[in-house]
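Engineer: Okay, here's what each chain looks like letter by letter:
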Amino acid sequence: MGILELIIVSLIKIIVIAVVMLLTVSYLVYFERKIAAWAQNRIGPNRVGPAGIFQPFADVLKLLLKEDIVPTAANKQMHTLAPMIALFVAFSTFAVLPVGPSFTAFGKVFSFVVADVNIGILYVLALTSVGVYAITFSGWSSGSKYSLLGGIRSSAQMISYEISMGFSVAGVILLAESLRPIAIVNAQSGWMWNIILQPIGFITFLVSAFAETNRLPFDLPEAEPELVGGYHTEYSSMKFAAFFLSEYANMIISSALIVTLYLGGWQIPYLELLNLSAGWVVILQVGAFIFKLVFIMFFFIWVRWSIPRFRYDQLMNIGWKVMFPLSLLNLLWVAILAMIL
Amino acid sequence: MITLQIILFSVFAIIAVVTSILVVTRKNPIISALFLVLNFAALAGIYLLLNAQFIAVVQVIVYAGAIMVLFLFVIMLLRPEHEKNFFEENPKMKWLALIVGVVVFFQLIYTIFFGKLSSSIHQNAEKSVEIGTIESIGRGLFTTYLIPFEAAGFLLLAAAIGALVLAKKHFD
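Those protein sequences? They're chains A and B, same order as listed.
Last residue of the first sequence: number 335 in my numbering, and the count goes up by one each step with no gaps.
Last residue of the second sequence: number 1457 in my numbering, and the count goes up by one each step with no gaps.
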């Protein structure tokens, strides 16, 4: 493949992913509100369009038209930069996550991933660690006590849970013997999904993913009753929307990561027994990935409206005294498993 | 012949140079820290061009992701912008800093323009493609360099425990 062709194909993939992610994010917000209403025995948004399906566009328009307020005590450049970092991290992580298997059409091999790099999982971890800056800077630059407290809380939380997340991922890498997301998915063929082989690792990763995305029950950075709005207290208009967007985009990425690492990615067990043509197999497998992704995203929302918020010391205790040892234990188990298999 | 590699190298190199100048000239230490992070990112890009993917990602994870966040915490919580200028309190230090700076600068000039390349550098150029990958680094760490690697691990563990003991005065 020539360099020009590579650039064009990659650009098309990037545009498709960006558009699909933006649409998914807006409808994720809609479904979050609908499911919340359902959990609390309400109706939820039902005014804009049939059953309120145009609500996300109305929300975005409202945020666009609002006045952008920057506090006098704020550091202007940093205040603007922080939501940009948040968005950059949220959107660029998806580049290495494969949606489906590679397939051959018109004599060329296409793959459902923007960049198939052999350090893929480390790339995701690197971007997650850069994501801390968005929240730290937004907390510091707002010039408000609530923001600073939220920012500091959030950074401490993300750094603490990054450790157990990293150790859980190490277990997956040990079994797949590769850092390439595609190789990790291929290693989970049939029923050899990592959720079955290493259930403890799955649980530690899931809990860390909740903490990393600042979702309830770990949404202490923006705990409304204590911190007004946490790190985004002083944000308004599109800058607030950028944080909101990146939070939901992070949720999609965490779900995709869980599916790729633990739920076998696009794999469907016993699909090869049906003797389907290659085209159908690809379509079914991409469908399987999307189905798993939607289920995990529903799980995120379901947990949010079922479990109350943890206290800050409880959060830290769980992170350091429960999740960290458990992820180490999982690593030991995987090391034994790798010797048997 | 201008290749893609040269264009990318120039972009990353210019970013690295400009940000490193900005790091030392900014008054606000938080802005300096931000430019240092950008500098690390540009360096990671240069590592990628050298086929050292693992080093590039570790550069971002360890330096940009972990160490600089801790630096930022210290800067934010101590608020050094309200403190007196270091050089105003120690006027003699300015001259010492100048001397050290000039010595380091000429050292760099000497190595870049007058240093001799190792004679084996051209033979190993093709092999360098394999060296940067995570497989070869892992193999090296667990075979040839096993003892130094484990020793470094023990030192880091000891340092972590030491920090814990220093920070916590009473154990319950």
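Certain hints may be false.
Chain B stretches covered by chain A per the calculated footprint, using a threshold of three residues with CB under 8 Å from any CB of chain A [stated by the list, open to error]:
#, stretch
1, 1314 to 1327
2, 1343 to 1354
3, 1441 to 1447
Label pairs and their in silico Cβ distance ranges [what the hints assert, rightly or not]:
#, chain 1, residue 1, chain 2, residue 2, range
4, B, ALA1445, A, GLY273, 51 to 57 Å
5, A, ARG305, B, VAL1388, 51 to 57 Å
6, B, VAL1309, A, THR74, 21 to 27 Å
7, A, THR98, B, ILE1432, 16 to 22 Å
Treat the hints as calculated values from the structure; they're not laboratory data.
Note that beta-carbon positions come from the ideal geometry of N, C-alpha and C, so glycine has one too.
Engineer: All hints, please: hold or fail.
Structural biologist: Evaluation of the provided hints:
no., hint, verdict
1, 1314 to 1327, "holds (count 4)"
2, 1343 to 1354, "holds (count 7)"
3, 1441 to 1447, "violated (count 0)"
4, ALA1445(B) x GLY273(A): 51 to 57 Å, "54 Å, holds"
5, ARG305(A) x VAL1388(B): 51 to 57 Å, "54 Å, holds"
6, VAL1309(B) x THR74(A): 21 to 27 Å, "24 Å, holds"
7, THR98(A) x ILE1432(B): 16 to 22 Å, "48 Å, violated"
Violated hints, listed in ascending order, are 3 and 7; each of the other numbered hints is respected by the structure.
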